[in-house]
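So that you can map any letter, position 173 of the sequence shown is 173 in the UniProt record's numbering, and since no number is skipped, the others follow by simple counting.
It should be emphasised that the hints constitute simulated quantities derived from the structure, not laboratory data.
Predicted model only: the values in this text are computed from it and were never measured.
Keep in mind that the hints are not guaranteed to be accurate.
[Said to hold, decoys possible] Here are the simulated EDC-like cross-link-like pairs (lysine to aspartate or glutamate), alpha carbons at most 20 Å apart as the crow flies:
| id | residue 1 | residue 2 |
| --- | --- | --- |
| 1 | Lys96 | Glu261 |
| 2 | Lys134 | Glu165 |
| 3 | Lys103 | Asp302 |
| 4 | Lys134 | Asp63 |
| 5 | Lys25 | Glu261 |
| 6 | Lys134 | Glu172 |
| 7 | Lys96 | Asp63 |
| 8 | Lys85 | Glu111 |
| 9 | Lys96 | Asp306 |
| 10 | Lys103 | Glu124 |
| 11 | Lys85 | Asp63 |
| 12 | Lys103 | Asp306 |
| 13 | Lys134 | Asp119 |
| 14 | Lys96 | Asp307 |
| 15 | Lys85 | Glu124 |
| 16 | Lys134 | Asp113 |
| 17 | Lys134 | Glu261 |
| 18 | Lys25 | Asp175 |
| 19 | Lys96 | Asp302 |
| 20 | Lys103 | Glu298 |
| 21 | Lys25 | Glu285 |
| 22 | Lys103 | Asp113 |
| 23 | Lys85 | Asp119 |
| 24 | Lys96 | Glu111 |
| 25 | Lys103 | Asp119 |
| 26 | Lys25 | Glu321 |
[Said to hold, decoys possible] Ranges of calculated distance between the beta carbons of each label pair, as one might list FRET restraints:
| id | residue 1 | residue 2 | range |
| --- | --- | --- | --- |
| 27 | Ile230 | Arg106 | 25 to 33 Å |
| 28 | Pro23 | Leu301 | 21 to 29 Å |
| 29 | Glu241 | Thr316 | 24 to 32 Å |
| 30 | Met1 | Arg259 | 31 to 39 Å |
Heads up, the beta-carbon is just placed ideally off N, CA and C, and yes, glycines get one too.
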Amino acid sequence: MIHSNLLSTIGATPLVQLHQLFPHKHYALYAKLEAFNPGGSMKDRPAVAMLEAGLANGTVGTDSVLVESSSGNLAIGLAQACAVKGLRLIVVVDPKVTAANLKILRAYGAEIDMVTTPDAGTGEFLAARRQRVKDLLATLPGAVNLNQYANPGNPAAHRTGTVSELLAALDEQLDYLFISVSTCGTLRGAREAIAARNLNTRIIAVDACGSVIFGQRGPRLLPGHGAGIIPEHMRPDLADEALLISDADCVAGCRALVRSEGILAGASSGGMVVALQNMHARIPEGSRVALILPDRGERYLDTVYDDHWCQAHFHTIPTLEILS
1 MIHSNLLSTI GATPLVQLHQ LFPHKHYALY AKLEAFNPGG SMKDRPAVAM
51 LEAGLANGTV GTDSVLVESS SGNLAIGLAQ ACAVKGLRLI VVVDPKVTAA
101 NLKILRAYGA EIDMVTTPDA GTGEFLAARR QRVKDLLATL PGAVNLNQYA
151 NPGNPAAHRT GTVSELLAAL DEQLDYLFIS VSTCGTLRGA REAIAARNLN
201 TRIIAVDACG SVIFGQRGPR LLPGHGAGII PEHMRPDLAD EALLISDADC
251 VAGCRALVRS EGILAGASSG GMVVALQNMH ARIPEGSRVA LILPDRGERY
301 LDTVYDDHWC QAHFHTIPTL EILS
């Protein structure tokens with residue numbers, strides 16, 4: 001099959017059954033591998049959906065300058081799309097962005113605008129990044145913000161793409177769906193896809209300790225998981241249950257996943273592994289369970305998978321005691 005360009009390869013990511021992770025589990029476990037998107041994450045989907053909608057409705061033109069706040073994956077997906085479309089992109093980041101992501105963004109030709117001081121009111125970098133976007137929109141001619149936190153194209157990309165693909169592969173027979181949260185685009189898209197089919201699938205939101213989406217504000221180390229403000233996409237009824245997972249547990253889950261299944265995934269994927277273990281005893285025998293794994297792990301080699309980094313931040317190498 002010949003694709004028209006790189007962007008047309010986005011989606012149709014594989015769904016694999018996991019056998020070695022929790023080998024004595026009493027349910028069938030599947031993982032949707034969003035790392036197989038060309039930009040390496042599920043954020044390729046909303047990035048292209050939002051950009052193409054903007055081009056179609058005239059919000060984005062050939063002379064536009066896109067300005068977006070992102071901790072990494074959405075920015076990479078958008079930078080990839082802008083390279084294909086020939087558009088200028090400014091990405092507003094903060095000090096938590098990884099060195100690997102900065103190198104990737106610059107390779108695509110994106111310009112970096114680094115916010116170095118957190119928001120005075122919340123103490124969060126996300127609020128400061130979003131304010132910086134507003135400042136650029138007010139002063140930069142041709143500036144356009146697609147705004148992943150509120151753009152309906154974000155959840156729509158997952159409703160019609162990610163989750164619909166997953167449900168189709170399982171013949172709509174799915175009892176539990178685990179989703180990590182940040183912008184809540186995937187979470188909202190999943191709820192809408194499941195509601196449209198009148199399914200009884202329970203959605204388990206996996207949030208970060210210190211995130212205000214489902215918990216209380218606190219320090220967070222790993223980017224792209226949780227949020228310092230509640231996104232516009234969030235509604236209380238989107239998840240049937242929410243679990244808060246620590247940074248250390250995300251690391252432990254990632255390492256357990258790659259050693260057991262050979263899947264080198266990003267930090268939030270490790271959080272879902274631990275969330276599943278925490279729910280293990282409550283899942284009925286014979287259930288079908290799926291995890292949407294958002295991104296690839298190569299971008300976390302200097303953090304999640306680096307022993308020296310772990311020792312520096314956790315004073316140990318976090319490990320997960322696999323259920324027997």
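query: In ascending order, which of the hints set out earlier in this document are inconsistent with the structure?
result: 1, 2, 6, 7, 10, 15, 17, 23, 25
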